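Each protein sequence line maps, in turn, to chains A and B.
Here our numbering is used: the first residue of the first sequence is 433, the next is one more, and so on.
Here our numbering is used: the first residue of the second sequence is 5, the next is one more, and so on.
These are calculated hints, taken from the structure and not from any lab test.
Some hints here could point you the wrong way.
To be verified - If we take Cβ atoms under 10 Å as the criterion, some of the chain A residues that face chain B in the derived model are:
| hint | residue |
| --- | --- |
| 1 | G501 |
| 2 | Y504 |
| 3 | K606 |
Said to hold, decoys possible - Under the rule of at most 16 Å between Cα atoms (straight-line distance), these lysine to aspartate or glutamate pairs were calculated in the EDC-like manner:
| hint | chain 1 | residue 1 | chain 2 | residue 2 |
| --- | --- | --- | --- | --- |
| 4 | B | K130 | B | D74 |
| 5 | A | K559 | A | D600 |
| 6 | B | K201 | B | D74 |
| 7 | A | K559 | B | E105 |
| 8 | B | K97 | A | E503 |
| 9 | A | K467 | A | E630 |
Claimed, not checked - Only some residues are given here: those of chain A computed to face chain B with a beta carbon under 7 Å:
| hint | residue |
| --- | --- |
| 10 | I458 |
| 11 | V513 |
| 12 | A515 |
| 13 | L517 |
| 14 | T545 |
| 15 | L550 |
| 16 | M554 |
| 17 | T567 |
| 18 | T570 |
| 19 | L605 |
| 20 | L608 |
| 21 | P609 |
| 22 | S616 |
| 23 | S621 |
| 24 | G624 |
This structure is a prediction, so every number in the text was calculated from the model and none was measured.
Even for Gly, the Cβ is constructed at its ideal location relative to N, Cα and C.
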Amino acid sequence: MVKQLVAVFLAAILTENYVLSKFLGICPFLGVSKKVNTALGMSAAVTFVMVLSTAVTYPIYENILVPFGLEYLQTIVFILVIAGLVQLVEIILKKYMPPLYNSLGIYLPLITTNCAVLGVTMLVLEKAAADPSYTYVTALVNSFGAGIGFLVAMVVFAGVRGRLETADIPNSLKGLPITLVSASLVSVSFLGFAGLVEGMMG
Amino acid sequence: MAEKKKVSLWKEFSKGIIKENPVLCLVLGTCPTLAVTTQASNAIGMGIAATLVLICSNAAISLLRNIIPDKVRIPAYITIIAGFVTMVQMLVKAYAPSIDESLGIYLPLIVVNCIILGRAEMFASKNRVIPSMVDGLGMGVGFTAAMLLMGSIREILGAGTWFGIPLTSGVVDPILIFILPPGGFFVFGMLVALSSKLSGKKKAAEDVGCAGCPLSENCSKVKKEGECNG
């Protein structure tokens with residue numbers, strides 16, 4: 433059981449990295465990765481919202497949508513639940529935990545329409561349907577791992593981008609194109625982890 | 005009068021294809037662009053699905069533009085878009101199950117595609133129904149064309165086929181990395197550079213579609229904050 437959880441956690445960070453191998457959450461990855469500080473804040477907020485959304489949407493799907501045969505409403509229900517949840521968390525943080533709100537709050541409205549969050553809530557359900565040993569706890573660990581994977585990718589990439597600022601770049605490649613090419617190289621390095629988790633866990 | 009109207013409609017349609025191409029110029033909707041372009045046929049399937057959603061949601065939002073209160077407009081748009089995405093999802097599942105299988109999770113994720121929310125906010129909420137639908141069609145065709153271009157490059161270089169038809173097999177070995185994730189970033193970067201070179205801009209877009217994104221206000225706040233801390 434613990435072994436499975438560790439394997440799921442590591443796989444979510446390294447081999448199934450949401451940004452670099454599934455292309456989910458590319459906008460914040462390219463948009464807010466200029467400074468390590470902002471990258472950290474953004475990924476902390478994403479991780480938080482991912483775990484929270486999975487914690488809420490998983491039981492909704494299993495206990496409400498499936499028994500009533502409403503699986504086709506998944507998309508619309510999930511996006512509304514996530515949007516409402518993010519708004520609620522923002523209000524609660526603002527009222528009761530101002531220091532936390534000041535460090536995470538500004539990122540929260542950006543996350544509502546982040547495809548990584550909606551993606552993780554749907555992917556864990558897909559995995560749960562394929563594998564009977566996949567439980568609610570596994571789903572939570574998986575979404576936490578996905579958030580940490582997002583954090584690793586963001587921080588590594590922020591470091592790479594710092595170097596670009598002083599580099600001499602051809603005119604048409606300046607700005608976004610060179611950022612994408614560097615993302616490609618970072619993504620190559622993550623390909624190196626392929627098979628690692630299966631190898632470690634047998 | 006009718007002549008003039010036709011000209012302006014043609015303008016709304018054609019701007020989405022070249023001048024304001026959502027992918028290569030506005031740099032919106034990067035997630036599906038990178039994820040589903042491993043094959044040209046996937047790119048077409050995704051493009052058509054997104055175009056359908058775009059036309060319908062633009063029409064609905066344009067009709068409701070005077071009814072939706074300004075404060076709750078973003079949640080209202082998301083709900084409308086999610087409804088149309090669900091319909092398209094069911095249509096694709098029923099009539100093109102193979103496309104549904106290869107697009108997988110990216111089909112429901114059209115709901116968070118910034119092109120659709122961006123057009124709702126920037127165009128449909130301010131214009132009449134017919135121009136909004138034409139705008140949606142133009143943007144959808146531009147999106148499909150850019151994805152088809154990228155899908156073709158990646159499939160030909162990475163697998164040696166085009167729409168599944170073998171082209172270079174036996175002559176050149178395919179460069180596998182082009183259909184893997186790094187190839188997606190690389191080809192996209194090159195296409196953005198090429199389009200900015202051809203359009204004569206001095207510099208390509210600095211960041212991902214911030215101008216067209218309805219959440220850009222928050223985004224710039226985040227960036228300012230980062231500069232203060234850093």
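Structure-based check of each hint:
1. Among the interface hints, the one on A:G501 is violated; its C-beta lies about 14 Å from the nearest C-beta in chain B, farther than the 10 Å criterion.
2. The restraint placing A:Y504 at the interface with chain B holds, with a minimum CB-CB distance near 6 Å, inside the 10 Å limit.
3. Because the closest C-beta pair between A:K606 and chain B is about 5 Å apart, less than 10 Å, the hint holds.
4. This hinted pair checks out: B:K130 and B:D74 have alpha carbons roughly 12 Å apart, not beyond 16 Å.
5. With a CA separation close to 45 Å, the supplied pair A:K559 and A:D600 exceeds the 16 Å bound.
6. Between B:K201 and B:D74, the direct Cα distance comes to roughly 39 Å. Violation of the 16 Å bound is thereby established for this hinted pair.
7. A hinted pair counts as satisfied when its Cα atoms are at most 16 Å apart, and A:K559 with B:E105 qualifies at roughly 15 Å.
8. Note on B:K97 and A:E503: the hinted pairing holds, with a Cα-Cα distance of about 13 Å set against a maximum of 16 Å.
9. Under the criterion of a C-alpha separation no larger than 16 Å, the hint pairing A:K467 with A:E630 is inconsistent with the structure, at around 34 Å.
10. The interface hint given for A:I458 holds, since its Cβ lies 4 Å from the closest Cβ of chain B, which is under the 7 Å cut-off.
11. Of the supplied interface hints, the one on A:V513 is violated, with its beta-carbon coming no nearer than about 11 Å to a beta-carbon of chain B, more than 7 Å.
12. Annotation: interface hint on A:A515 holds; nearest CB of chain B at approximately 6 Å, less than 7 Å.
13. Interface restraint check for A:L517: the shortest CB-CB distance to chain B comes to about 12 Å, outside 7 Å, so the restraint is violated.
14. Checking A:T545 against chain B: minimum C-beta separation of about 5 Å stays under 7 Å; hint holds.
15. A least Cβ separation of about 6 Å between A:L550 and chain B falls short of the 7 Å threshold, and the interface hint therefore holds.
16. The closest approach between the C-beta of A:M554 and any C-beta of chain B is roughly 5 Å, which is under the 7 Å cut-off, so the hint is satisfied.
17. Look at A:T567: its Cβ only gets to about 21 Å from chain B, farther than 7 Å, so that hint breaks.
18. Hint on A:T570 is violated. Least Cβ distance to chain B is approximately 18 Å, over the 7 Å limit.
19. Taking 7 Å as the C-beta contact cut-off toward chain B, the hint placing A:L605 at the interface holds, the least distance being around 5 Å.
20. Contact between A:L608 and chain B, as hinted, is supported at the beta carbon level, the nearest pair being about 5 Å apart and thus within 7 Å.
21. Hint status for A:P609: holds, given a least beta-carbon distance of 4 Å to chain B, under 7 Å.
22. About 4 Å separates the beta-carbon of A:S616 from the nearest beta-carbon of chain B, less than 7 Å, and the hint is met.
23. With its C-beta approaching chain B no nearer than about 9 Å, A:S621 sits outside the 7 Å limit, and its interface hint is violated.
24. For A:G624, the suggested interface contact is broken, since its CB lies about 11 Å from the closest CB of chain B, more than 7 Å.
Going down the numbered hints, you'll see the structure goes against 1, 5, 6, 9, 11, 13, 17, 18, 23 and 24, while the others check out.
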